[in-house]
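S.K.: Sequence:
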Amino acid sequence: MRDFQIGNRVADMTVVGSNVDYRTLRADDVARVPVGVDAAEAATLILSWTTAYQLLHRAARVQRGHRVLVHGAAGAVGQALLVLGRLAGLELWGTARGEHMALLRELGATPIDYQREDFTRVLPGGFDVIIDGIGEDGYRRSYAALKPGGLLCAIGFSASVQAQRRMLPILMEIARLYLWRLLPGGKRARFYSVNVMRARHPTWFKEDLERLFGLLASGAIRPRVADRISFDEVPEAHRRLEAGGLEGKLVLCPDLPSRRDRVPRPRETATASKEAPATIVRLPSSESQRDLRK
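For what it's worth, my numbering labels the leading residue of the sequence shown as 1002, then goes sequentially.
Think of the hints as simulated: they come from the structure by calculation, not from any bench. One should not assume that every hint holds.
Between beta-carbon pairs, the in silico distance windows are [said to hold, decoys possible]:
no.	residue 1	residue 2	range
1	1180	1236	38 to 44 Å
2	1194	1243	19 to 25 Å
3	1008	1117	51 to 57 Å
4	1022	1098	35 to 41 Å
5	1236	1141	34 to 40 Å
6	1029	1255	32 to 38 Å
7	1026	1191	26 to 32 Å
8	1218	1245	30 to 36 Å
9	1194	1218	36 to 42 Å
10	1246	1176	28 to 34 Å
11	1007	1118	53 to 59 Å
Keep in mind the model is a prediction, meaning the values are calculated, not measured. For each residue, glycine too, the CB sits at the ideal point set by N, CA and C.
Modelling step: build the complete structure from the supplied sequences, incorporating the hints.
M.R.: Now the structure itself:
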């Protein structure tokens, strides 16, 4: 126990089994959530933003002025990487589809339209760090775009998944990352997993998450919530995730009424923007007293 009291706001990364009203969690595993922060915004930090923070500060150990390329920069982790990278004083580039170029500029990165531009030619001297969750061509092009002594952090392989490749070739691609360490030139490569990092360093996860909650409470960061959904919308939410194109997180709110029973407030509809559809509604006031889930 860490002197928790009934009614304290806490958060944890539960990985599976979170589509429920209540969960029983170990007190040693949960992080404190500051009073007053929006519950949905706090929930978005637990996976994507902790992943981004650990990639920059635990895995890559970036320094001010480092030149960093983020693949899939319009996604949840990508956006968090750009925001946190800007706070760390990094020079940032991000790849995304053409329709997301304005978003990347807004987040402080030089956008690269991967459908029209070759990221390997953007910076002739090479990048200090490349964070790649796409895995196109087995990460070869990302590795080639590093400067001598640079680091490639692989965090996923969505290109192989979309191509419906079998698991064995994907595992071989990951194994190749570690073999590249033996090549001359001093370039490095590693695969990052938030679950593996947490298993090896459990205290880091709580420290990093609570640090992010502090940034949220101070207004230094503002995660994007694409929509707040009720339990009856979970199937549709998965279809939206599979379709892609979201510029924020879908947050499951147990206390939220069914959408068919809701009427959007005129103010909410009028102020909806590209980061939140017009159907977004606020969490019920009782949600502020509940614990948070991924």
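S.K.: Indicate, hint by hint, whether the structure satisfies it.
M.R.: To see whether the hints hold, each was checked on the structure:
A beta carbon spacing of about 42 Å between residue 1180 and residue 1236 agrees with the range 38 to 44 Å that was offered as a hint. A C-beta distance of roughly 22 Å is found between residue 1194 and residue 1243, which places it inside the suggested range of 19 to 25 Å. Range check, residue 1008 to residue 1117: Cβ separation about 53 Å, and the 51 to 57 Å hint holds. About 37 Å separates the C-beta atoms of residue 1022 and residue 1098, a value consistent with the hinted range of 35 to 41 Å.
Taking 34 to 40 Å as the suggested C-beta distance range, the pair residue 1236 and residue 1141 conforms, at roughly 38 Å. Distance hint check for residue 1029 and residue 1255: the Cβ-Cβ separation is about 24 Å, which falls outside the suggested range of 32 to 38 Å. Between residue 1026 and residue 1191, the C-beta spacing of about 30 Å keeps the proposed range 26 to 32 Å intact. Roughly 31 Å separates the CB atoms of residue 1218 and residue 1245, a value that falls within the hinted 30 to 36 Å.
Between residue 1194 and residue 1218, the C-beta spacing of about 28 Å breaks the proposed range 36 to 42 Å. Here the CB-CB span from residue 1246 to residue 1176 is close to 32 Å, well matched to the stated 28 to 34 Å. For the pair residue 1007 and residue 1118, the supplied restraint of 53 to 59 Å holds, since their beta-carbon distance comes to about 54 Å.
Hint compliance for this structure: hints 6 and 9 are not met, and every other hint is.
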